[in-house]
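Q: So the sequence shown is residues -12 to 311, counted in this note's numbering.
Calculated directly from the structure, the hints in this document are not laboratory data.
Mixed in with the good hints there might be a few duds.
As the list claims (entries may be wrong) - Derived lysine to any residue pairs resembling SDA-like cross-links, with alpha carbons at most 25 Å apart: (1) Lys116 - Ala45; (2) Lys2 - Val289; (3) Lys85 - Leu124; (4) Lys142 - Leu26.
Nothing here was measured: the structure is a model prediction, and the numbers come from that model.
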Amino acid sequence: MSLPQQSSNNMFNAKKFYSLTLNGDIPEALQLLSSEQSLMNENELKIKNEFEKRFAGAEDESDFLIRKNSGINDLLLVYRDYWRRSFISGQNNDTALKKELTHFFRNLYTSNDYAESTFEDDTLDIFLKRYVNENGLKTTGFGMTGKFYDLLVWKDEHDTTYEFDLNGRKISPRVVFMTGFVTLGWEEYATLGRHYPGGWATKEAIYCVKDVYDLNSENFLVSYLAHEGQHFEDYKLFPKLSGTDLEYRAKLVELSMASETLIRTLTFFINNADYESDNAHSVANYCVIRDLSKEIFETEFVNDTEQWSCCFIEEYKQSQCQTA
């Protein structure tokens, strides 16, 4: 069940646009840009022009690769074309990507023996990391973010240890701060750099895109650190949880610990909720708002942020009266 998002009568529906792009629904995003052109301000018209350069024609006519210029440009070109084909066609292009990467790495590192076979994922991971490392960079390796294979590449990193309270439990994960990104993956490409991963967790550590955060802010301490900290714990405690279940639990932790960012976080979840999506974040957003709506308002799904704001203001007033 998709969450309907209504545009104001006199404003471009930017929230719906970015929700579509984050879900990889580029044709629908292009259609929205076309239908709401008359509602756009000057900056939104620039976004429309850049987006259409990237996705409306037979080829990407934007300066994406020029701005991303690095030693791995040839590899990034392979991924860019895969992302673009996947977005526009709505079809699974994963097999084609693996064949292209096999050809790419075979020409660099191997003989032509078994030239018709496609490398297994583990082999692609080894060659991908080797190629990126040889160019003085680091990567997550061969893997997916949501429904698309992704390419996350950065130059520098340093790590430290954070000890913090996660809803009554003390945890102390290793946190790796990454800087100098060459690419932040398909989300960055699809949204013109508006949205991208702020970090992620593994069983061994939490990884942080450092330039995104004020390290003293609730955005870092709750939306990033507590969220990824929950993933870090769940990977060890519940290794078979699905991506949607992992995100559901982490998003509930965010809301339970947020204060100044609470309404903003709720609003983001509402605007990016889609039960029918292939993206675990979008499905989890929907489930979180649905379940809280049932618990608090006794209704299926409340998408009115004013109603949520009034609810939490009233709850705060009652708590103050009880402590007075």
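Q: A separate judgement is required for each hint: does it hold in the structure or not?
A: Structure-based check of all given hints:
A hinted pair counts as satisfied when its Cα atoms are at most 25 Å apart, and Lys116 with Ala45 does not qualify at roughly 31 Å. With a C-alpha separation of about 17 Å, the suggested pairing of Lys2 with Val289 holds against the 25 Å cut-off. For the suggested pair Lys85 and Leu124, the alpha carbons sit about 22 Å apart, so the restraint of at most 25 Å is met. Of the supplied pair hints, the one linking Lys142 and Leu26 is violated, its CA atoms being roughly 41 Å apart against a limit of 25 Å.
In this structure, the hints that do not hold are numbers 1, 4, in rising order.
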